[in-house]
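Trainee: Last residue of the sequence shown: 132 in numbering that gives the first Met the number 0, with the numbers rising by one and none dropped.
Since the hints were made in silico from the structure, they are not lab data. Fair warning: there could be bad hints in the mix.
[To be verified] Taking CB as the label site, the calculated pair distances span:
#1 Glu19 / Ala52: 14 to 24 Å
#2 Ala75 / Glu11: 16 to 26 Å
#3 Glu113 / Leu2: 19 to 29 Å
#4 Leu2 / Pro81: 38 to 48 Å
#5 Gly77 / Gly124: 15 to 25 Å
#6 Glu55 / Ala117: 18 to 28 Å
Predicted model only: the values in this text are computed from it and were never measured. Quick reminder that beta carbons are idealized off the backbone N, C-alpha and C, glycines included.
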Amino acid sequence: MDLAKYTALFLEEATEHLSEMGRCLLVLEKAPDDGDAIDEVFRFAHGIKGMAASLEMDSITELSHALEDLMDQYRASGRVDPVVGVPLLFQGLDGLERMVAVVRETGAAPPLDEALTALIQEAVGTGEPPKKV
Numbered sequence: 000m001d002l003a004k005y006t007a008l009f010l011e012e013a014t015e016h017l018s019e020m021g022r023c024l025l026v027l028e029k030a031p032d033d034g035d036a037i038d039e040v041f042r043f044a045h046g047i048k049g050m051a052a053s054l055e056m057d058s059i060t061e062l063s064h065a066l067e068d069l070m071d072q073y074r075a076s077g078r079v080d081p082v083v084g085v086p087l088l089f090q091g092l093d094g095l096e097r098m099v100a101v102v103r104e105t106g107a108a109p110p111l112d113e114a115l116t117a118l119i120q121e122a123v124g125t126g127e128p129p130k131k132v
């Protein structure tokens with residue numbers, strides 16, 4: 000298997016997904032109940048998770064999975080908490096962008112941002128956004 004070829008494809012697709020995720024988060028900032036934007040952020044997180052998992056980039060898989068779980072909650076409720084949830088999603092986006100940048104620079108999986116991942120998982124575990132971002 001030509002890992003470099005698949006890594007390049009991952010970088011291309013992840014960059015596109017992250018850009019679109021950012022666009023959707025801007026929509027959610029103004030309209031936290033925009034169901035299409037919520038669904039799209041979920042799908043982009045899911046896509047990144049799958050691509051990263053296939054390349055055994057466990058740290059990216061774990062963070063994107065946490066974001067996917069959070070978005071699944073928001074899908075169920077029909078809205079994103081604009082005060083805490085939207086900023087948390089932007090933090091998740093920034094974290095993924097940093098991780099993808101590491102892959103671009105080194106070709107290797109980045110370390111997990113444990114604090115950010117835990118914060119998102121906490122929001123998922125309680126069923127509510129965390130009290131502090």
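Trainee: Confirm or reject each hint.
Mentor: Comparing the hints with the structure gives:
1. Here the CB-CB span from Glu19 to Ala52 is close to 20 Å, well matched to the stated 14 to 24 Å.
2. Checked against the given bound of 16 to 26 Å, the beta carbons of Ala75 and Glu11, roughly 32 Å apart, lie outside it.
3. About 26 Å separates the C-beta atoms of Glu113 and Leu2, a value consistent with the hinted range of 19 to 29 Å.
4. Distance hint check: the CB atoms of Leu2 and Pro81 are about 41 Å apart, consistent with the given range 38 to 48 Å.
5. Roughly 20 Å separates the CB atoms of Gly77 and Gly124, a value that falls within the hinted 15 to 25 Å.
6. Take Glu55 and Ala117: their Cβ atoms lie about 22 Å apart, and the range 18 to 28 Å holds.
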